[in-house]
Each structure stands twice: as C-alpha cells, then as structure tokens.
Amino acid sequence: MSALTFELKAKPDQRLDLSPLTPERLAKLSRKDIEALSIGTTRAKRTVGDTFKIKGKDVENIHFVGTDARCDKIGAGLAGGEITVEGHAGAELGARMKKGKITVKGSCGVLAGASMSGGHIAIGRDAGDQACGVATGDTMGMKGGFVTIGGHAGALLGERMRRGLVVVGGHAGDYAGGRMIAGILVLKRGAGRYAGYGNRRGSLIFMDKPKNILPTYSDCGVMEFDYLRLLELWLREQGTRITLKGRARRLMGDMAVLGKGEMLILA
Amino acid sequence: MAELKVKGITIVETFAEAFPMVGTRIIITAPTAEWADIAARTMTGFATSVIACGAEAGIESKLSKKETPDGRPGVAVLLFTMNADKLQTQLRNRVGQCVLTSPGSACFAGLEGEKKLKLGASLRFFGDGWQMSKVVGGRRYWRIPVMDGEFLCEEKTGMTKKAVGGGNLLVLGKSHKAVLAACTRAVKAIGDVPGVITPFPGGIVRSGSKVGSKYKGQIASTNDAYCPSLKGAVKTELPLGVEAVMEIVIDGLTFDAIHEAMYEGIHAIAHGGAREGVTHITAGNYGGNLGPHHFHLKEIVG
Numbered sequence: 001m002s003a004l005t006f007e008l009k010a011k012p013d014q015r016l017d018l019s020p021l022t023p024e025r026l027a028k029l030s031r032k033d034i035e036a037l038s039i040g041t042t043r044a045k046r047t048v049g050d051t052f053k054i055k056g057k058d059v060e061n062i063h064f065v066g067t068d069a070r071c072d073k074i075g076a077g078l079a080g081g082e083i084t085v086e087g088h089a090g091a092e093l094g095a096r097m098k099k100g101k102i103t104v105k106g107s108c109g110v111l112a113g114a115s116m117s118g119g120h121i122a123i124g125r126d127a128g129d130q131a132c133g134v135a136t137g138d139t140m141g142m143k144g145g146f147v148t149i150g151g152h153a154g155a156l157l158g159e160r161m162r163r164g165l166v167v168v169g170g171h172a173g174d175y176a177g178g179r180m181i182a183g184i185l186v187l188k189r190g191a192g193r194y195a196g197y198g199n200r201r202g203s204l205i206f207m208d209k210p211k212n213i214l215p216t217y218s219d220c221g222v223m224e225f226d227y228l229r230l231l232e233l234w235l236r237e238q239g240t241r242i243t244l245k246g247r248a249r250r251l252m253g254d255m256a257v258l259g260k261g262e263m264l265i266l267a
Numbered sequence: 268m269a270e271l272k273v274k275g276i277t278i279v280e281t282f283a284e285a286f287p288m289v290g291t292r293i294i295i296t297a298p299t300a301e302w303a304d305i306a307a308r309t310m311t312g313f314a315t316s317v318i319a320c321g322a323e324a325g326i327e328s329k330l331s332k333k334e335t336p337d338g339r340p341g342v343a344v345l346l347f348t349m350n351a352d353k354l355q356t357q358l359r360n361r362v363g364q365c366v367l368t369s370p371g372s373a374c375f376a377g378l379e380g381e382k383k384l385k386l387g388a389s390l391r392f393f394g395d396g397w398q399m400s401k402v403v404g405g406r407r408y409w410r411i412p413v414m415d416g417e418f419l420c421e422e423k424t425g426m427t428k429k430a431v432g433g434g435n436l437l438v439l440g441k442s443h444k445a446v447l448a449a450c451t452r453a454v455k456a457i458g459d460v461p462g463v464i465t466p467f468p469g470g471i472v473r474s475g476s477k478v479g480s481k482y483k484g485q486i487a488s489t490n491d492a493y494c495p496s497l498k499g500a501v502k503t504e505l506p507l508g509v510e511a512v513m514e515i516v517i518d519g520l521t522f523d524a525i526h527e528a529m530y531e532g533i534h535a536i537a538h539g540g541a542r543e544g545v546t547h548i549t550a551g552n553y554g555g556n557l558g559p560h561h562f563h564l565k566e567i568v569g
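Chains B and P are the protein sequences, given in the same order. Taken in order, the first sequence gives residues 1 to 267; the numbers are from the numbering used here. Taken in order, the second sequence gives residues 268 to 569; the numbers are from the numbering used here.
Looking at chain B on its own, in the form it has when it is part of the complex (with noise of 0.2 Å):
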C-alpha cells in the first residue's frame, strides 16, 4: 500500500493546522471525509480537500509534498507511525508527540518537539526558537524521544526539558537548555549566551569549547565518561554520525539553582 500523501496545491493564503493529518485521526475516515476536514485558522473556511491533492491510502505512512513555513502542527500529538515532509514545516512540528517517527526535509519553525514525550523527529536542516521546548498550556518542555536537528537550531532549545534527547548539527541559539530540568542536548557546533542557565540536572554536551560559559558553571576537570561512549554507540546505531570518544572536561551548574546539571566539554 503507498504512503498517504498530500501534496500541497499552492502556497496558503492563511496558516495551516495540519494536526488533525495523523495516523491515529485519519486511520477510519474516508478520503472524501479526510478532504472535508479543516485546516484553516481564520475566519476563511479551508478544508484538506482545498489544499492538497491527495494520493495514497497507508495512514500509518503519511507524506507531506511541497509544505511551507505556513504548515503548522504537523505531526502535534502523534501517537504511532511516520510522517515524511517534503519540504518544511511551520510552528509545532511534532508537539507533544508520543510515539512513531517524523522526517523533515527542509526546516521548521518555532516550538518543534516541543513537549513531545517520546518518539523520534529528524529535521534535516534549521529549527526555529524553543525546539524542543514548552509546548503552549505545558508547564515542562520536552519529556521523552529523540530529535536531530541537522542545521541550526533558534534560541532556548531544549527550555524547561525533563527527559530525551536532542542532536544539533549546527549552532544553538541563546539560553540553549535553559531552564532544563533533566535530559541531553548534544550541541556539535556550540551554542549563544546563556546556554544552560538555570540548568538543574541537564546534560549539554559541547564538542567544541562554547564561547560563552556561565560564571554560575564550576570546573571539574576533565577525566574519562564511559557514559559517552555508550551515547555515541547508539546514536550511530540511529544512524546519526557523530564521534564523542569518552573524554571530557566537566562543568557542573547552574550553581544559581540546583546545580547538578553538567557541561561535558569534549577534551
């Protein structure tokens, strides 16, 4: 069976809510009832059927073709299966998900991950501010899963985090893991100002000594992590490429709170 797939008409005159085009919702609607479904966000009614063409019939392999930044809420709240976007997406990429796989080709906008708790999302390229953060309503940010971020990623990725895991290709922006309450940001390319204040138990791993380093962050020195092999194992087992050996320089903070977060500077 092929991949149930919407391929964008033309560019949307309004933003788009597209988290009613997940698995779990689509799985016993018929197509007609599938194109009669609203996606609009203002007063203009738009319907599923006035926006995509629709191909395909397997709901627990949904495609997304020629999607732009007015593509909100793709993926929000998943509860099983993949979705592929072809293209980039808007605002609440894959919020508050729980389980099953999201692919991005292009970028994404704000709030991506965001409150997820579990399941995997891989955005090929940039990922706006407060990836991985506080979904609107939630008091935590993400709470669970994996996410690759391929390019850059904005400012406060990872905010208010309490479980998972997060790979950024690129450079995080300002007060990257701010607030964290526990879990991994991986950062290859470093990260703004601010990263890690307020961290309480987060794990932010550098593979380059970032620029900016809180004054709140004590130096533990470096020594051996076996903990990072492990990590570097499985995330080559995902398929992402990265080489994080087992040393480190460690800095624990943020001393202004809790203060068992961490820094693992690789040495």
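The hints are simulated quantities; they were obtained by calculation from the structure and are not laboratory data. Even for Gly, the Cβ is constructed at its ideal location relative to N, Cα and C. Any given hint could be a false lead.
Claimed, not checked - Reference listing, derived: stretches of chain B covered by chain P, where coverage requires no fewer than 3 residues with Cβ under 8 Å from a Cβ of chain P:
{"hint": "1", "region": "30-36"}
{"hint": "2", "region": "231-241"}
Unchecked claim - Okay, derived cross-link-like pairs now, DSS-like style, lysine-lysine, Cα gap no bigger than 30 Å in a straight line:
{"hint": "3", "chain 1": "P", "residue 1": "K333", "chain 2": "B", "residue 2": "K101"}
{"hint": "4", "chain 1": "P", "residue 1": "K329", "chain 2": "P", "residue 2": "K481"}
{"hint": "5", "chain 1": "P", "residue 1": "K444", "chain 2": "B", "residue 2": "K99"}
{"hint": "6", "chain 1": "B", "residue 1": "K55", "chain 2": "B", "residue 2": "K11"}
The hints should help you fit chain P onto chain B, whose structure is shown.
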C-alpha cells in the same frame, strides 16, 4: 549398566535430574579485557552452589568491543538462585561489592526476561545524591561518581524463571589424570555454548554430594557410592577398575541450552576415546522424583 558406547566409553543409560531456577545475565565492561575479567571473576567467586554460597554464578562468555553497549571489552555473567528475592539480593551484593569497586568498570543488562531486577536502581544510592540518571534509547542508566571517574550502571536487568540448574555429567576413569583431562576438555567445549555456565572450580566438581548425612545438621555429605576409595565398603556404583570420578555441573537459562551443553560435553569427553583412560559417562539423579527436568544421556548422545 546398559552398553551404549561412544569411542569405547560406556554411556550409562540414565539421566541427569535438574531443577527449576531463576537466572539473570549482566554484562560487565572495563578499559581492558583483563579488568573486565577480574571484575567478573570476583563477582562470580564463591558461587559454586546455592547450598552454601547463596547463588550459582559464572562467566558465560567474553565479549569483544563490538558486542558491548559501550564499545569496551566485556564479559557476560550468569547468576542463578532458587527464587527471585534471593537473586535480587545476590545481584545487588555481588555487583555492589565486586563490580562497582573494580577500576573502570561498567555494568549493563544482559537479558530482557519476563521480569526485571534492580541493578543501578539500588546501587545508585552509593552516589549519595550526586548520582545522575540518563535515558538513552528508552533505557535508563545511572552515573555514579566514584574515585576513578564514574560507575555507569543500567537501571535494571531481566530475569528468567525458565532457568534450569543441576544438569550434570559424571565421568569415570582409570586414572585421575585421564578424568581430569577429559573433564577439562568438556568444560572448554561447554564454554562455547551460549546460555550456560559450569559454576564449580574450573567447571569441575570432585566432591559430588548426596542428600543428608549421618551427622545431625549436615544437609549434604560425600557421595559414597561414587568414592573409589570406598568401593569395597559401600553399595558402590563404580566398577573395580575406576580410580577417579569427576562431575561437571551445568546451569543454564533454558532447558535446551543445558541439553546442548551436555551434548558438547559428552562428545568432548569421548574425544580421547577409551584409550585415554575414561571408562564411563553417567549422570546424577534422585530417582526422578525431585527435579522436573530429566536429561537422558542416551537421547543426548543420539
């Protein structure tokens, strides 16, 4: 004794009687294979029999860097007891005292199992509040600060209730040297079978026991029927020409693993043929009324 022979060695038509046990597997890694081996040997020391050691344990196999979760050399260890509570206690104490203490070591689950046992979940308290948990790929690991860095330990490991303990082979021969050589060969062959251990020293028992004793409070005593020096005094099971008997006890995660181990063991013993000095291969049982698992030598050889 019925006459089934392999390379001139008589395979006695009898069976090994074995018992249900609970078991687990853990993986110990270290900076070098030597140190992984030291940690594993220490952890599995004094674990020959549940009668007095509390557990039966041994090294199942050595693992290459490619086979371990952290890419370092490792060892797979199997641990068996008679019930889940004892297994939990033995696991905590042995890993806590022998693996946590070993330089550079880390400890991981080696079995999924139908039930879980605490591993890092109880050892984490050694961290006195400085321990840190990290979830990678849905599995929780504890990082416990220690004097040489960190002890990395997976939170839980699996337990199986389908384990079997007490698979055995008794080897009779004309000389101590011949029996020891044959048994050493058999232990080596059994070592290549996954899912089993031979918990006694070097895998061999020279003091097989019977249940009970003439002395009050002694729950097991020497198996006089198999003691060559008592042939003329007791109801012996030994032909007059037998000079030494040794036993190989096998514990396994499954019935099939023990079956395979006994097959490999018998053929390794028989490899030298009767000319080497081994005369009989037999097995220990209690008449079939105590243990539910029976390993018939004739079927295994066949």
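Quickly compare the C-alpha distance for K55 of chain B and K11 of chain B to 30 Å and report which way the hint goes. With a Cα-Cα distance of about 19 Å, the restraint between K55 of chain B and K11 of chain B holds, given a limit of 30 Å.
Given pair status - K101 of chain B, K333 of chain P, alpha carbons within 30 Å: holds (27 Å)
Three-residue Cβ test at 8 Å for the coverage of the region 231-241 of chain B by chain P: holds (count 6)
When you check the alpha-carbon spacing of K329 of chain P and K481 of chain P, does it fall within 30 Å? violated (43 Å)
Pair hint outcome, K444 of chain P versus K99 of chain B [Cα-Cα no greater than 30 Å]: At roughly 62 Å apart (the allowed maximum being 30 Å), K99 of chain B and K444 of chain P break the hint.
Examine the region 30-36 of chain B: at least three residues should have C-beta closer than 8 Å to a C-beta of chain P. Since three or more residues must qualify, the claim that chain P covers the region 30-36 of chain B is violated, with 0 doing so at under 8 Å.
Consistency note: the structure conflicts with the earlier hints numbered 1, 4 and 5.
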